[in-house]
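Got chain A sorted already, so can you dock chain B onto it with the hints?
One-letter residues, chain by chain:
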Amino acid sequence: MIDLLVIPLIKIVIVLTGVLVTVMYLVLLERKVQAWVQVRLGPMRVGPHGVLQPIADVLKLFIKEDITPVRADKYVFTLAPIIVLVPAIIAFAVIPFGDTVSIFGKPIPLRIADLNVGLLYVVAVASIGIYGIILAGWSSNSKYPLLGGLRASAQMISYEVAVTLTFVTVILASGSLSMVDIVAAQKANGVWFAFVQPVALFIYAVGALAETNRSPFDLPEAEQELVAGFHTEYSGMRFALFFLAEYANMIVVSAIATTLFFGGWLRPFPNVAFLGVLDLVPTWIWFVVKTFLILYVFLWIRATLPRYRYDQLMRLGWKFLIPLAIANILVTAAVKVALSY
Amino acid sequence: MEPDVARPMFDTDELVINMGPQHPATHGVLRVVLKLDGERVVDADVVIGYLHRGVEKLSENRDWTQIVLLTDRLDYVASAAANLAYVETVEKLMSLEVPRRARYIRTILAELQRLASHLVWLGSHAMDIGAVTVFLYCLRERELILDLFEEYCGARLTYNSMRIGGLPQDLPPNWDKKVLQFCAIQMEKLVEYETLLTRNRIWLGRTQNIGVITAADAIAVGLCGPPLRGSGVARDVRKDEPYAAYAEMEFDVPVGANGDTYDRYLVRLEEMRQSVRIIRQALGGLPEGPVMGKVPRLIKPPAGETYHANESPKGEIGYFIASDGKSTSPYRLRVRPPSFCNLQALPRLVRGHMVADVIALIGTIDIVLGEVDR
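Read top to bottom, the protein sequences are chains A and B.
The numbering used here puts the first sequence at residues 128 to 468.
The numbering used here puts the second sequence at residues 19 to 392.
One chain only, chain A, in its complex shape (with noise of 0.2 angstroms):
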C-alpha cells in the first residue's frame, strides 16, 4: 500500500515542486546570466541581488486583467496553455534523478517510474505539447497568431523527427528503450554516449533548441517579427502558464540530454576506483549539476548567436539534420553488426 500510492505520491509532489521552482528560477538564470553576457548586472533590485524576482513576476501574471478575446474560443483558449504546459511536466516522471537510495531501511529508487518503454513515453509525450500551440494560435481567431502559432509548430514537429532518429541511435547504443537502463549502459561502458555518439549528440542539441523555439530557432516568437507569435493574445495567468511551459521545455530537453548523452546520475569517470571519494556526492546532484551545465549552454547560446529567418531554419531541419541523422543510424548499425562478429 505504501509501496503503491504513498511513496510515488510523495515522489511527485518533491518533482512537481522541484520543477516549478526550478523553472521560475531559470527564468532568473537566464536574465541574469544574459545580463552578466551583456555587461551589465540583471536584476538587482528585488531581493539581494534580485533573488526575488521571480515571485514579483508570479505575483504581477496573478493580478494582470485576465483579457479573453470577444471572439475566440472560450474553452480552446483556456486550454492551449494547459495542454502546453502538462506534457512539458510529465515527461520527468520516467526520468531518473538518482541512483537507488536507503531511506528509513527502505530501497527507494529515485525516480518516479521505471517503464521499459521510457524514451518512447518521453517522445509520445513531446509531440503532444505542439497542439497547446496549434490550438493556442487558432482560438485566438486573429490572424497573426494563428500563422504565428502554425509557424512554430511546423518548426517544431520538424525537428521532432530529426531528435527522435538521434534517440534510434542511443537505443542501439544502449540496447534499451528505458531511461534507467540507458544510464545503465553508460556505466556498464563506461564511458558517456556523448563520446558514442557525437553525431546524434550534436543533432540532438540543435533539434532541441529548435523544439523548445530557443535562439537561435525564436523566430516564431521574436519581437521583431511581424507575425507576433502564437501568445499574442494571451495575457495574465495564461500567458504565464506558456512563459513557464517555455521553460519548463527547456529543462525537460536538458534533462533527458543528461540521461541519454552525459550519464544521468552517474559520477564522472564511474568505474575507475581512484575516483570513489566523488561518490560522496549524492547521485541526484550530479544530475542536478549537468542538467544546469546544460541550461546554462542553452542561455549562453542564446546570448551570443543571431537568430535563422525560417525558410532558413526549415530548410536546415529538413535537408540537413535529417539526412545527417539517418546517416548516422547506418553508421552505427553497421558498426554494431560489424562488432557483434
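Honestly, I wouldn't trust all of these hints.
Unchecked claim - Under the rule of at most 20 angstroms between Cα atoms (straight-line distance), these lysine to aspartate or glutamate pairs were calculated in the EDC-like manner:
1) B:Lys-110 to B:Asp-342
2) A:Lys-270 to B:Asp-258
3) A:Lys-270 to B:Asp-55
4) B:Lys-195 to B:Asp-165
5) A:Lys-270 to B:Glu-32
6) A:Lys-233 to A:Asp-130
7) B:Lys-53 to B:Asp-63
8) A:Lys-270 to B:Asp-31
9) B:Lys-257 to B:Asp-270
10) B:Lys-110 to B:Asp-258
11) B:Lys-110 to B:Glu-78
12) B:Lys-53 to A:Asp-438
13) B:Lys-196 to B:Asp-235
14) B:Lys-110 to B:Glu-259
15) B:Lys-344 to B:Glu-323
Source of the hints: derived by calculation from the structure; they are not laboratory data.
Coordinates of chain B only, in the frame set by chain A:
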C-alpha cells in the same frame, strides 16, 4: 471567343500588413505598409512624417547661431555632423576663414561622431537580426565617446558643438590623451564585434544577398553614404569635396562589391577603422592657434544662396541656405537629409524578400527618423 486563360490552381490574395509607427525595430516612428504574397514582399509603401517638427520653418525665425541647436536634433545620433555641415554652409556664404586648429578639432569631433553613429547602427542592426549582445558591447564603447563629448561641450547627445567661424571652446586639458586611449580600446573591440558576426554562418545567411542593389540602380535612386559605397561606387564627400581638415588627412574609402547587406556591414566596419586612423592623424598633427575665426558680432551673411555638403555617418548631408542679406535669420534653409534620400530605396530593396528581411533592410540603410522627417 476568348482564349482560355490559364488560372492557377489556388487563387491567392495579397496580404497587406502594417508595420506601425510603433514597432520595436523600425528605429523610430516609421511606418511601412507591406504587401505580401505569402511570405514574400511584393511591395512596400513607406509612410513618414511622424516626427516632423518643422525644423526648416523654425529656422526662418531663428538667429543663425540659434539654428545650430535645431540641427542637433535632426540626426540626433550624429549631431556633430549636422552641426558641422550647417556652420560650414554659413561660413561658405559669408566667405569666412576658419582657423586651422578649429578645422582639425572639427575633423576629430566629426570622426568621433561617425564612430558613435556606426556603433549605434551596428548594435541595433545586430539586435534586429537576433544577436542581442552586440548591441550592448557597441553601446559600451559609445559611452566612452559620449563621455569625451561631454567633457568637451557638456552634452551627451545634442552637442551644439560648432559655431559659425570655429568652435565654442578649445579642448579641455588631457582630452587628446583620453581620445587616444579610447582609439586603442575601440580598435580592440572592433575585433570583438567581428568575431561575433563577420564569419558567423547565421549572420552570413541573414545578410548575404539580401537587399542587393547594383551601382547603377544605387545612383539612379539617389543613394548616398555607406549604402552607395556598399554597391561599389567610390563616392565620399570627404574625398571628393574635402571640408574641414580632410584634405590633409590620409584615409581610405571602403567600397563593397555586391551591394548586399553584408557588404554594407563590412563597409561601415572598415569606415570605423578609418575614422580611428583619421583621429590619430589629426591629434598627431594638431596645430596651435585660436579656435574661433574673425567673425562679426552680429552674424549677417550677405544676400545670396549656397549649398554645401558633408559626409555624415549616414551619407551626404547638405544644407541649402538662402539669405536676403538683411535679417538675422535665413530666408530659406533646406536640409538634404541622407536618411530621407536613402529611405527612398527601401521599396526597391525589399521587393522579393521575405518579411523577416524587411527589418534587416531597414537597419542596413541606417536611418534616423529625426533626419527623415525634420
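(message) Please list, smallest to largest, the hint numbers that this structure does not respect.
(response) Numbers 2, 13 - these are the hints that the structure violates, sorted from lowest upward.
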